[in-house]
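**Q** Take the given structure of chain V and dock chain R to it, following the hints.
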Amino acid sequence: MGFHVLSLVTEPMSLADAAVGDVFVVSHVVAPSGAPQWAQQLEDIGFIAGERVAVMARGVPGGDPLVVRVGLSTFALRLAEAACVRLAPLKTETAQ
Amino acid sequence: MTEAVVHLYRGGPLLALVGNPNCGKTALFNLLTGSRQKVANYAGVTVERKEGKLTTPAGKALRVLDLPGTYSLHPRSPDERVTHDVLYGRAIGEKRPDLVVCVVDATNLRRSLRLLLAVKRLGLPCMVALNMVDLAQARGVTVDAEALARELGVPVVRTVGIEGGGDAALRATLDEAALWRRSSASAGTGGPAIQATGADHDAVRSILRRLGLDELIPHTLSDRIDRMVLHPVLGPLLLAAVLFLIFQAVFAWASAPMDAIKAATGWLGATVGAILPDGWLRSLVVDGVIAGAGGVVVFLPQIVILFFFILVLEESGYLPRAAFLLDRLMGGVGLSGRSFIPLLSSFACAIPGIMASRSIANPRDRLVTIMIAPLMTCSARLPVYALLIGAFIPRRNLWGVLELQGLVLFGLYAAGIAGGLAVAWILKRFTARGQVRTLMMELPTYHMPTLRNIGIGLWQRVAIFMKRVGGVILVLTILLWFLASFPVPPIGATGPAIEHSLAGILGRALAVVFEPIGFNWQISIALVPGMAAREVAVSALGTVYALSATGNDTALALAPLIAQDWSLATALSLLAWYVFAPQCLSTLATVKRETGGWTMPLIVAGYLFSLAYLASFVTYRVASALGAAG
Numbered sequence: 001m002g003f004h005v006l007s008l009v010t011e012p013m014s015l016a017d018a019a020v021g022d023v024f025v026v027s028h029v030v031a032p033s034g035a036p037q038w039a040q041q042l043e044d045i046g047f048i049a050g051e052r053v054a055v056m057a058r059g060v061p062g063g064d065p066l067v068v069r070v071g072l073s074t075f076a077l078r079l080a081e082a083a084c085v086r087l088a089p090l091k092t093e094t095a096q
Numbered sequence: 001m002t003e004a005v006v007h008l009y010r011g012g013p014l015l016a017l018v019g020n021p022n023c024g025k026t027a028l029f030n031l032l033t034g035s036r037q038k039v040a041n042y043a044g045v046t047v048e049r050k051e052g053k054l055t056t057p058a059g060k061a062l063r064v065l066d067l068p069g070t071y072s073l074h075p076r077s078p079d080e081r082v083t084h085d086v087l088y089g090r091a092i093g094e095k096r097p098d099l100v101v102c103v104v105d106a107t108n109l110r111r112s113l114r115l116l117l118a119v120k121r122l123g124l125p126c127m128v129a130l131n132m133v134d135l136a137q138a139r140g141v142t143v144d145a146e147a148l149a150r151e152l153g154v155p156v157v158r159t160v161g162i163e164g165g166g167d168a169a170l171r172a173t174l175d176e177a178a179l180w181r182r183s184s185a186s187a188g189t190g191g192p193a194i195q196a197t198g199a200d201h202d203a204v205r206s207i208l209r210r211l212g213l214d215e216l217i218p219h220t221l222s223d224r225i226d227r228m229v230l231h232p233v234l235g236p237l238l239l240a241a242v243l244f245l246i247f248q249a250v251f252a253w254a255s256a257p258m259d260a261i262k263a264a265t266g267w268l269g270a271t272v273g274a275i276l277p278d279g280w281l282r283s284l285v286v287d288g289v290i291a292g293a294g295g296v297v298v299f300l301p302q303i304v305i306l307f308f309f310i311l312v313l314e315e316s317g318y319l320p321r322a323a324f325l326l327d328r329l330m331g332g333v334g335l336s337g338r339s340f341i342p343l344l345s346s347f348a349c350a351i352p353g354i355m356a357s358r359s360i361a362n363p364r365d366r367l368v369t370i371m372i373a374p375l376m377t378c379s380a381r382l383p384v385y386a387l388l389i390g391a392f393i394p395r396r397n398l399w400g401v402l403e404l405q406g407l408v409l410f411g412l413y414a415a416g417i418a419g420g421l422a423v424a425w426i427l428k429r430f431t432a433r434g435q436v437r438t439l440m441m442e443l444p445t446y447h448m449p450t451l452r453n454i455g456i457g458l459w460q461r462v463a464i465f466m467k468r469v470g471g472v473i474l475v476l477t478i479l480l481w482f483l484a485s486f487p488v489p490p491i492g493a494t495g496p497a498i499e500h501s502l503a504g505i506l507g508r509a510l511a512v513v514f515e516p517i518g519f520n521w522q523i524s525i526a527l528v529p530g531m532a533a534r535e536v537a538v539s540a541l542g543t544v545y546a547l548s549a550t551g552n553d554t555a556l557a558l559a560p561l562i563a564q565d566w567s568l569a570t571a572l573s574l575l576a577w578y579v580f581a582p583q584c585l586s587t588l589a590t591v592k593r594e595t596g597g598w599t600m601p602l603i604v605a606g607y608l609f610s611l612a613y614l615a616s617f618v619t620y621r622v623a624s625a626l627g628a629a630g
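Sequences listed follow chains V and R, in order. In terms of this note's numbering, the first sequence has 57 at position 57, counting the first letter as 1, and numbering is strictly consecutive. In terms of this note's numbering, the second sequence has 238 at position 238, counting the first letter as 1, and numbering is strictly consecutive.
Isolated chain V (complex conformation) (with noise of 0.2 angstroms):
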């Protein structure tokens, strides 16, 4: 178990792999090479370290692009788009 813990503080778990209803909150966006303004255009959107977040239903079929809640606000993100964003578990809000 002691491993499966350290893999997710590496590999952090994305919110295209989160599942519809789920709440997190964002850890840290990580913009692709070919598209680095990403990052900041996710952050001015809202996806910013500590924000709640949570999938609120995909499209079909594939699952892209996806409906996803930030704070108060609600995107229609790209699966691409949606794996830049990094996700913590929500217990950790309260933690910091």
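Certain hints may be false.
Unchecked claim - Among the chain V residues that face chain R by a calculated CB cut under 10 angstroms, a handful are:
hint, residue
1, Pro12
2, Asp22
3, Ala35
4, Gln37
5, Gly50
6, Phe75
7, Arg78
If you are wondering where the hints come from, they were derived from the structure by calculation, not from laboratory data. Nothing here was measured: the structure is a model prediction, and the numbers come from that model. No residue lacks a Cβ here, since even glycine has one placed at the ideal position from N, Cα and C.
**A** Just chain R, lined up with the frame of chain V:
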């Protein structure tokens, strides 16, 4: 080419409205300025510029600029770039605002206040319009404006953008002289307005915590609606139903007013024709000006109905959801869901559709959308389709349920859509390689659309259409009338007058080109005035055949005439031509305007002509081979 910058409502201090998208900024702008608005473009870019005039209770006249909505001062689209440039005083031909009114959405304070903190650092005099306080109240969020003002260090007034009088507090505050003075602390700060977004976020959260507003209270009604609208099965079904309703409305509801306009135009032409003496002047006024203007106005009912629906969907918040549902489908051909609205508009007329493409941030996507917009079957093609289908396709039931004529009409629509998707797909292969496209599209909470905002929006769009399109079509119609009327036939000449005119000569020359696809010289001539507006080709055919015929035969309806004169293969070939051909010069003029050069209109015209010729050629040859040439 440099565009002259027009300063509307010259003079007076300039007040700029800044805010997030969907914060109710435009509703507030409508409330502040009423109908005293001017819509134009910013210099050098196709971003809509809205300026209005406001008089304060003390009688001070102000200019109000409604800047495009933005999430931050890091611009990511041409619209946001304009807001950024104006606020920094870098926009060409724009004065740096004397006062910034930050419109803050009371239901989403976190995001709104982040922008406010960035704007405040610019050093411009600044105040907050706390908008949508009614909606916040309904969700149990009461914002103490005075406490917020103390925290932020700028005046805060409460506003309700959708309610008459909801702007009273804001108007009164504008008379306070202190508001317009730069505070000495922030005056002329050369420091960066941009700070780490995270730091602003933390500052906003601590402010909200102190005000007891840190709780996240989502709009549960919106979420409940979204569970239906975004449902994998129900969502697409609902979208299909909405689209069907719009189509039904555009074509069914519009027919009565359109008939009335046609009758009125005909009556006006006959009345004026009876007054004026026979000669070229009468012909110019009746056949050129009145018929030309009538040809534009007749589409107004459809355009009003279409825009009404689009505005209602936009105001309510449904449109981005539709774009979300269609994103995957559009992604298959290299476009995004955002291209959906321009393409939908193009079914009424490609011109408002091309104008609507401004909302697409990605330049490649925007150009591709503009290129395929003319392939969506616009309503101007309907008269041509109706004539040809009525004349050549028998009324017959297929399998007891489907009507053959209706099926052919549906097939023509489908061919246009398929053609557009195919072109986009091919362009994706060549131009979208390695492209990363962003979606990041907000789905705002649902709102009940207000009559006032729909009315103002409708009026502005109709005015733009009438000004831009009306002017072009009228000029072209007069030009083509000239081509079709001069030179006059020599005395004693037989045959229709149009044969002797420039258009006739042009048509005969074109007939050589069009012969391989089955068009006779009459069709070729009709295609020339049909360049003004597609449906004009019908009346042009009428002219050619009416004048070709002798005596009382003019009274004969066109349909049986062409049914007798043309082969089925020719008719099908002409239908195929009309699916693809860039038959309307106004569309090309709009493409030039929106893309700022001749390259795109030439490319569009070139590829559409090639496509149309190819489609007609194949149709004609195949139909002939199947024995339809007789």
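**Q** Run every hint past the structure and note whether it holds.
**A** Hints, one by one, checked against the model:
1. Pro12: It is violated, given that the least Cβ distance between Pro12/V and chain R is near 17 angstroms, above 10 angstroms.
2. Asp22: Given a least distance of 15 angstroms, the restraint on Asp22/V is violated.
3. Ala35: With a closest approach of 4 angstroms, the Ala35/V hint holds.
4. Gln37: Given a least distance of 7 angstroms, the restraint on Gln37/V holds.
5. Gly50: holds, 8 angstroms
6. Phe75: holds, 5 angstroms
7. Arg78: holds, 5 angstroms
Taken one by one, the earlier hints fail for this structure at numbers 1, 2, listed in ascending order.
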